[in-house]
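One letter stands for each residue in the lines below.
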Amino acid sequence: METKNIMIVGVGGQGSLLASKLLGRLLLNQGYDVKVSEVHGMSQRGGSVVTYVRYGDKVYSPIIDKGEADFIISFEMLEAARNLEYLKKDGIVVVNTQQIDPMPVITGNASYPENLPQKMEAAGAKVDALDALSLACEAGSPKAVNIVLMGRFANYLGISDEAWQEALTQCVPTKFLELNRKAFDLGKNS
Amino acid sequence: MKKLLLGNDAVARGLYEAGCAVASSYPGTPSTEITEALAKYDDIFSEWAPNEKVAMEVAFGAALGGKRSFCGMKHVGLNVAADPLFTISYTGVNAGMVIAVADDPAMHSSQNEQDSRHYAIAAKIPMLEPADSSDCLEYAKLAYAISEEFDTPVLLRLCTRIAHSQSITEIGERIEIGKPYTKDAAKYVMMPAYAKLKHPIVEKRIKDLQEYAETNSLNRIEWGSRSIGIITSGTSYQYAKEVFGDEASILKLGMVYPLPDKTICDFAAAVDRLVVIEELDPVIENQCRALGLKVEGKEIFSLIGEFSQNLLAEKFGRSISAGCEKLEQEIPNRPPVMCAGCPHRGLFYTLMKQKLTVLGDIGCYTLGAVAPLSAMDMTLCMGASISALHGFNHADTGKKAVAVIGDSTFMHSGMTGLADIAYNGSASTVIILDNSITGMTGHQQNPTTGLNIKGDPAGRIDLEALCKAIGINRVRVVDPYNLAQNAEVIKEEVNIDEPSVIISRRPCALLKTVKPKPALTVDVDACKGCKLCMRIGCPAISIKNDKASVDATLCVGCGICTQLCAFDALQGYQEEV
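So the sequence lines, in the order shown, correspond to chains B and L.
Just add 290 to the spot in the first sequence (first one is 1) and you have the numbering used here.
Just add 639 to the spot in the second sequence (first one is 1) and you have the numbering used here.
I should point out that these hints are in silico values taken from the structure, not numbers from a laboratory.
Computed list of lysine to any residue pairs in SDA-like fashion (alpha-carbon distance at most 20 Å, straight line):
#1 K1170(L) with S401(B)
#2 K409(B) with P971(L)
#3 K1186(L) with V395(B)
#4 K642(L) with Q320(B)
#5 K763(L) with Q849(L)
#6 K1167(L) with G1211(L)
#7 K416(B) with A961(L)
#8 K378(B) with I959(L)
Just some of the chain L residues that point at chain B, by a computed CB distance under 8 Å:
#9 H803
#10 S804
#11 E881
#12 S947
#13 Q948
#14 N949
#15 Q968
#16 P971
#17 G1176
#18 I1182
Cβ coordinates follow ideal geometry from the N, Cα and C atoms, glycine included.
For reference, chain B alone in the conformation it holds in the complex (with noise of 0.2 Å):
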């Protein structure tokens, strides 16, 4: 199988960690060669985090390049179109509605951007927008926005509810595992 790839987008400190925890192990699981790249360092201070996930017979670069990726999934709007370029033509967005405002537009030299979904469509990319932190919220967890949007992106990646189930279990720690379950559904079926 050819080399497909996701890409994970957010601000530091959202907890892209986990989500690509998880989608690692979901991979591995399945018997695929994997390879997981993020940078660390800034990670924490609000600035904009990347992680690269890779899987297919066999993987090379750990990185994906512009234009490579078969997903984008974005923990925030600004940073989804940010990475726009990296995204196959008719490449698939999924995204958090949340926006998060960086400092340019705090301190008013720059303005977030408006109608950022439609604007993405209509550079070729197919765009599934979700209220996460609303969902996550509704589960029992701000933190919980990670799971909701992996539980979303499940709809696309052609993966078995049963594997996405078993990572889950193996990647959460018990006591958190009712509410991420939750997490997972109200992203996959909302």
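Following the hints, position chain L against chain B.
Just chain L, lined up with the frame of chain B:
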């Protein structure tokens, strides 16, 4: 068992399996996780040393004593540890010693882009370079075998994309290994008479290692089309395979020093066109040229930054699939910022207000250089803020200047600069930003925190007592959340004609032991929209509809902004009476 492991975790696993018993490191992105992972194994004594030089000497002592040892650092850390490095090359080891050094091409989290391979050449020490996590584990183990067989420390070179990428790795069992210690002054006392005897041994060792490089499994040729022959290593190997598959022949070097001259020449003779693909400096390429080979390298590829599969494809005239169009509208940047509640913010606000010249250092607080605080004039390397301040003050610029340095950085190499100030005299004011942790690299303990790498109680250095013992009579402590106190104390100290230290003390807001206060609220009737509160660059404060607005999910109630507001519009949580 197969696991998806981070490159750094795979190095740690390899060291563990090879029987590593002592590990001493100083944190530095992208190397930090190796030692953090080692600290989880009870069979290994692991520690954060005050700096890389100390760490390397600790590791050397353990190897001397007969235990396999390790020290890890980022590329610039190896500059600090270069002194022991060059002479451990002469003494050699007893039990094996492995030094990991992580380069940071593209400077994701560094102040320069130096290529550590030069150290291997200069110190005449073998260097291995893994290309994925599986290599990381295997090479870490092999490094010990090479270390003991050739009586040399071994460098393991990583780069950000290897250190911070996860790939599938087969893990194994640990072996226990140790050697007896016997006194051998001629081997370990490097005074001229003995060192002169060792240098020829070092030169012979490199010749022997060159032989080894020709035959071992670290360097391998993957034959494909012979129209192009690529010599490469590390992450560049992965990009080359991604682009060419078997449409090129590839000599993958796992050992980047010494190089296998014969293998390289044979490979060159078997291909039509020889290209070296290496990030940063032309180390392999220069060796090819020295061998008289016709080779292409840096006339195609940059000396600067990282490579990628698209970059390679482009350089070889291959097509790249176009993706979605870039959005026409400009996307605002999202630079890293000091966190909400960061104790550094209040201090830097005061430095900005007083228009001081600020000589900075390495840590989260380097973010004090960016707008709107913009309160930094220089950042060079670990500890340089203090020594450079001493020099700056002797340049008689007429500017009032201070040094700012974190607690961990001060212990690393700030103390010696302070000793110079005390000894040779300058009316310098040094501000130690004591946030009770090594922050930038992700919360590691240090000698001032009272905890060790495992989080257990440990010796604790008292910063006030230390500064006084060095000979600084004026040592004062301020709370960076208290702007009035900061302003008063800093003003006083920069105007006094003797050396002084101000300790700005407040734990990092991200520490688990720091409990956030409830978020502030805005009295929109009181707020005049003057934007004074925006001058501290807090990510939790913005202007909405011409009034200040506080993001309750970010605000930790530090209250710095309330001290700026002239209209009491920002209100802290009031406990009910």
